[in-house]
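If you read the sequences in order, they're chains A and B. Mapping to my numbering: the first sequence position 132 is 132, numbers consecutive. Heads up: take any position in the second sequence, counting from 1, add 1000, and you land on my numbering.
By construction, these hints were calculated from the structure, which means they are not laboratory data. Positions of the beta carbon are idealized from the N, C-alpha and C atoms, including for glycine. One or more of the hints may lead you astray.
Unchecked claim - Subject to a maximum C-alpha distance of 30 Å in a straight line, what follows is the list of computed BS3-like cross-link-like pairs (lysine-lysine):
| no. | chain 1 | residue 1 | chain 2 | residue 2 |
| --- | --- | --- | --- | --- |
| 1 | B | K1147 | A | K154 |
| 2 | B | K1060 | B | K1017 |
| 3 | B | K1137 | B | K1147 |
| 4 | B | K1137 | A | K185 |
| 5 | B | K1017 | B | K1156 |
| 6 | A | K160 | B | K1060 |
| 7 | B | K1129 | B | K1115 |
| 8 | A | K32 | B | K1049 |
| 9 | B | K1256 | A | K35 |
| 10 | A | K35 | A | K25 |
| 11 | A | K25 | B | K1156 |
| 12 | A | K35 | A | K22 |
| 13 | A | K32 | B | K1060 |
| 14 | B | K1036 | B | K1059 |
| 15 | A | K32 | B | K1059 |
| 16 | B | K1147 | B | K1060 |
Claimed, not checked - Under 8 Å between C-beta atoms, here's a sample of chain B residues computed to sit facing chain A:
| no. | residue |
| --- | --- |
| 17 | P1004 |
| 18 | A1026 |
| 19 | R1101 |
| 20 | M1163 |
| 21 | G1189 |
| 22 | A1263 |
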Amino acid sequence: MTSTEIKCWGECMDVAVQIAHKAGKVVQEAVKQEKRVSSKSTPTDLVTEADQQVEDLIISTLREKFPSHRFIGEESSAAGEKCILTDEPTWIIDPIDGTCNFVHSFPMVAVSIGFAVKKELEFGVIYHCFDGTLYTARRGHGAFCNGTPIQVSKEKDISKALILTEIGAKRDPATLEIFSGNMLKLLSAPAHGVRIIGSSTLALCHIATGAAEAYYQYGLHCWDIAAAAVIIREAGGCVIDTSGEPWDGCFR
Amino acid sequence: MDDPWMECMDHCIAVTKEAGKMIREALQKDISIMQKSSPVDLVTETDQKVEALIISSIKKKYPTHSFIGEESVAAGAPSILTDSPTWIIDPIDGTTNFVHRFPFVSVSIGFTVNKEIEFGVVYSCIEEKMYTARKGKGAFCNGVPIKVSGQEDITKSMVLTEMGFKSDLQHFRTMMANMESILTIPVHGIRAPGSAAVNMCLVACGAADAYYHIGIHCWDMAGGAAIIREAGGVIMDITGGPFDLMSRRLVTASSKAIAEHIAQKIQPFPCGRDDTED
């Protein structure tokens, strides 16, 4: 990276932090209002007007400042835009992570903004909309929660681990059987426990702060993981594919 | 006196705040863990200290009252509910979360007279949310009135439950089958935050529409039961019959319709009772 690039990505991150705060406040207000809810791929894959509005706010603000950059956003992808990661500076955005939680005012909802250049994740910013906590990390510069350095737990023994996961939108018998089977293996380890909170980005932030030891999931999208992957790595943790192989950012 | 138990409730809130402060302070230090009935049934010195703080404070003011406290029972005290004014205490509900510093940790106190729950106090101490309810006087979070969502359509509901280690494989399979049964209704989602008392308060304030659990204890349920009822919610046995505080199981919901639907879907498995020897 050139020194110009280093400075530029630092400036991009400052803007990301500002827009995450702004978007987060919009979500905080929207959670108190009545929500118009519809579904996407299945009856349990929810989306609201707020998801669209917040994504538009984030992308329009960033586009104005960085007109040559690319964008991958959850709602833009749902509307048909391609989700291909190129070498170009690319923002990877989940405007409301935990839409189902948002609909119910269940207190785990986040704005997630990741940034990649030459397909390498450079920084991540995640804003917890209910309690205003900000998680940030820049590649090579550590991970922070409200400006305080964070690191993953040092636990290596699965029988002392707290594990996070999600059930997901797929409810067919085969998927649920796999889910149960995975629960049996983990709870019989016996892990200390399994928790489900409904926001993958916040679950990953809890790994980064050491409040849980592991998170696994099938069916995530790149916008769910991009920001959190930087935060976890900078907090000393690791991100791998569920097969045990290296993680491919857009592979679900 | 207009309300003979209001003074008890005020004292309860005050001692609960102190307990919450003790828990938050303990979270800043190392936590050493012991095990009770199994490698995943955790207890810490803080559980014991907090319970001792609460009981000694209440005993000083109300020496004739009875107590059922999680750690006292673990140490051999009886857990039979009598007609006596009785304090039912979980000093740290969500001890596993506490050990990991995972955000749902609460102090839970329910107060019964003639086996009726008169008031409940649940303090979600990391979030600093104090939930309170006096029978007939409504439910509150940090002094602001709360109420259940009122949702009656289970296909639009958010359901809470917990998944725990079960030494009996058949019990485990029933637990997972119950989850699948609920998921395929379908409901909007299932969440498992890790504290029964907090789960009940999440239903009470409308952030979830139902919570069911087989295998918890009276000290997990007593405080939250008052709060849910006063928030307009429903609490019943998993069979659809009346709620039994010592039965170690419950279904709570924002409406009778949802509670009954869940009760119809889930199968029981043996979980013992708090008032009998296992």
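Evaluated hints:
Restraint check for K1147/B and K154/A: not satisfied, since their Cα atoms lie roughly 41 Å apart, outside the 30 Å limit. Annotation: proposed proximity of K1060/B to K1017/B holds, straight-line Cα distance about 17 Å (limit 30 Å). A hinted pair counts as satisfied when its Cα atoms are at most 30 Å apart, and K1137/B with K1147/B qualifies at roughly 12 Å. Between K1137/B and K185/A the CA atoms are separated by roughly 46 Å; this puts the pair beyond 30 Å, and the hint is violated.
Straight-line distance between C-alpha atoms of K1017/B and K1156/B comes to about 36 Å, which puts the hinted pair past the 30 Å bound. Annotation: proposed proximity of K160/A to K1060/B is violated, straight-line Cα distance about 39 Å (limit 30 Å). This hinted pair checks out: K1129/B and K1115/B have alpha carbons roughly 27 Å apart, not beyond 30 Å. Only pairs whose Cα atoms come within 30 Å are accepted, and K32/A paired with K1049/B is rejected, the gap being roughly 39 Å.
For the given pair, K1256/B sits about 24 Å from K35/A by alpha-carbon distance, which is consistent with the 30 Å threshold. Of the pairs offered as hints, the one joining K35/A and K25/A holds, with about 16 Å between alpha carbons and a cut-off of 30 Å not exceeded. Of the pairs offered as hints, the one joining K25/A and K1156/B holds, with about 26 Å between alpha carbons and a cut-off of 30 Å not exceeded. For the proposed pair K35/A and K22/A, the alpha carbon gap of about 20 Å is at most 30 Å, so the pair holds.
The suggested pairing of K32/A with K1060/B is violated, with an alpha-carbon distance near 44 Å, which exceeds 30 Å. Pair hint K1036/B plus K1059/B holds up; C-alpha atoms about 26 Å apart against a cutoff of 30 Å. At most 30 Å may separate the alpha-carbon atoms for a hinted pair to count; K32/A and K1059/B exceed this at roughly 42 Å. As the CA atoms of K1147/B and K1060/B are separated by approximately 34 Å, the hinted pair breaks the 30 Å bound.
With its C-beta approaching chain A no nearer than about 36 Å, P1004/B sits outside the 8 Å limit, and its interface hint is violated. Interface restraint check for A1026/B: the shortest CB-CB distance to chain A comes to about 15 Å, outside 8 Å, so the restraint is violated. The interface hint given for R1101/B holds, since its Cβ lies 5 Å from the closest Cβ of chain A, which is under the 8 Å cut-off. The beta carbon of M1163/B is positioned within 8 Å of a beta carbon in chain A (closest approach about 5 Å), and the interface hint is therefore held.
A cut of 8 Å between beta carbons decides the hint on G1189/B: the least distance to chain A is about 5 Å, and the hint holds. The beta carbon of A1263/B comes no nearer than 21 Å to any beta carbon in chain A, farther than 8 Å, and the hint placing it at the interface is violated.
The structure shown violates the earlier hints numbered 1, 4, 5, 6, 8, 13, 15, 16, 17, 18, 22.
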